[in-house]
Amino acid sequence: MKKKKIEYAFDFNEDKEYFIYLYACGRKLRKKKLAVIGENKYRTYEEWAGYIKQKYCGITTKSLEDFKRFLRYKVRAFKKINGEYGGVMVPFVIILFTILFERIYPDTDSVTNFCCIAGLVWIAGYIIVKFVYDAKVALMYEDYLEVIENMLEKRTMEEKK
1201 MKKKKIEYAF
1211 DFNEDKEYFI
1221 YLYACGRKLR
1231 KKKLAVIGEN
1241 KYRTYEEWAG
1251 YIKQKYCGIT
1261 TKSLEDFKRF
1271 LRYKVRAFKK
1281 INGEYGGVMV
1291 PFVIILFTIL
1301 FERIYPDTDS
1311 VTNFCCIAGL
1321 VWIAGYIIVK
1331 FVYDAKVALM
1341 YEDYLEVIEN
1351 MLEKRTMEEK
1361 K
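According to the working numbering, the stretch in the sequence shown is residues 1201 to 1361, in order.
Note that these hints are calculated values from the structure, not bench results. Note that this is a predicted model, so its numbers are computed, not measured. All residues carry an ideal CB built from backbone N, CA and C; glycine is no exception. Don't take each hint at face value.
Quick list of simulated restraints, FRET-style, between CB atoms [unchecked claim]:
#	residue 1	residue 2	range
1	R1230	V1321	42 to 52 Å
2	D1215	N1350	18 to 28 Å
3	I1299	Y1333	18 to 28 Å
4	R1269	V1321	16 to 26 Å
5	I1259	E1342	30 to 40 Å
6	L1229	W1322	36 to 46 Å
7	I1259	I1299	52 to 62 Å
8	K1231	K1255	40 to 50 Å
9	L1352	E1239	47 to 57 Å
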């Protein structure tokens, strides 16, 4: 099966930009992820912000406004998802502990107890990892939005002069 070439809106590849952001924040990345970001390895936030400014300096103010709206949508979407995870996690953890305590009683065998506990721990771990990943992506979008807003503010000040 052939992979389709994906065209990204505003030349924004979420995975690539996320890895670049993580690297700029001091996170160590594996070789595969480093290969995705290529030469875009920035050590500081300022270098990363400069990369964004350089990348989007050539587009029109209207396109930059549209991109700002796109980023705002992404920030709102991730915040909504994070809120929903919080609403799901509390009842899930309560149910998890209830089931664990019910399964610990000696009237069942230890293999059943172990399988139930392992499955529940795996599910809880998966949800927590997904929650943390989404929070990090939301932070990237917020920082990206801040840089774009600064660019727009600077452009409007220059246009007023």
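Hints and how they fare:
For the pair R1230 and V1321, the supplied restraint of 42 to 52 Å is violated, since their beta-carbon distance comes to about 25 Å. Distance hint check: the CB atoms of D1215 and N1350 are about 24 Å apart, consistent with the given range 18 to 28 Å. The hint said 18 to 28 Å for the Cβ distance between I1299 and Y1333, and at roughly 26 Å that hint holds. A beta carbon spacing of about 41 Å between R1269 and V1321 contradicts the range 16 to 26 Å that was offered as a hint.
Distance hint check: the CB atoms of I1259 and E1342 are about 21 Å apart, inconsistent with the given range 30 to 40 Å. Taking 36 to 46 Å as the suggested C-beta distance range, the pair L1229 and W1322 does not conform, at roughly 25 Å. The hint said 52 to 62 Å for the Cβ distance between I1259 and I1299, and at roughly 53 Å that hint holds. Look at K1231 against K1255: about 24 Å separates their beta carbons, and that is not inside 40 to 50 Å.
Between L1352 and E1239 the C-beta distance comes to about 27 Å, which lies outside the given range of 47 to 57 Å.
Hints 1, 4, 5, 6, 8, 9 from the list above are not met by this structure, while the remaining hints are.
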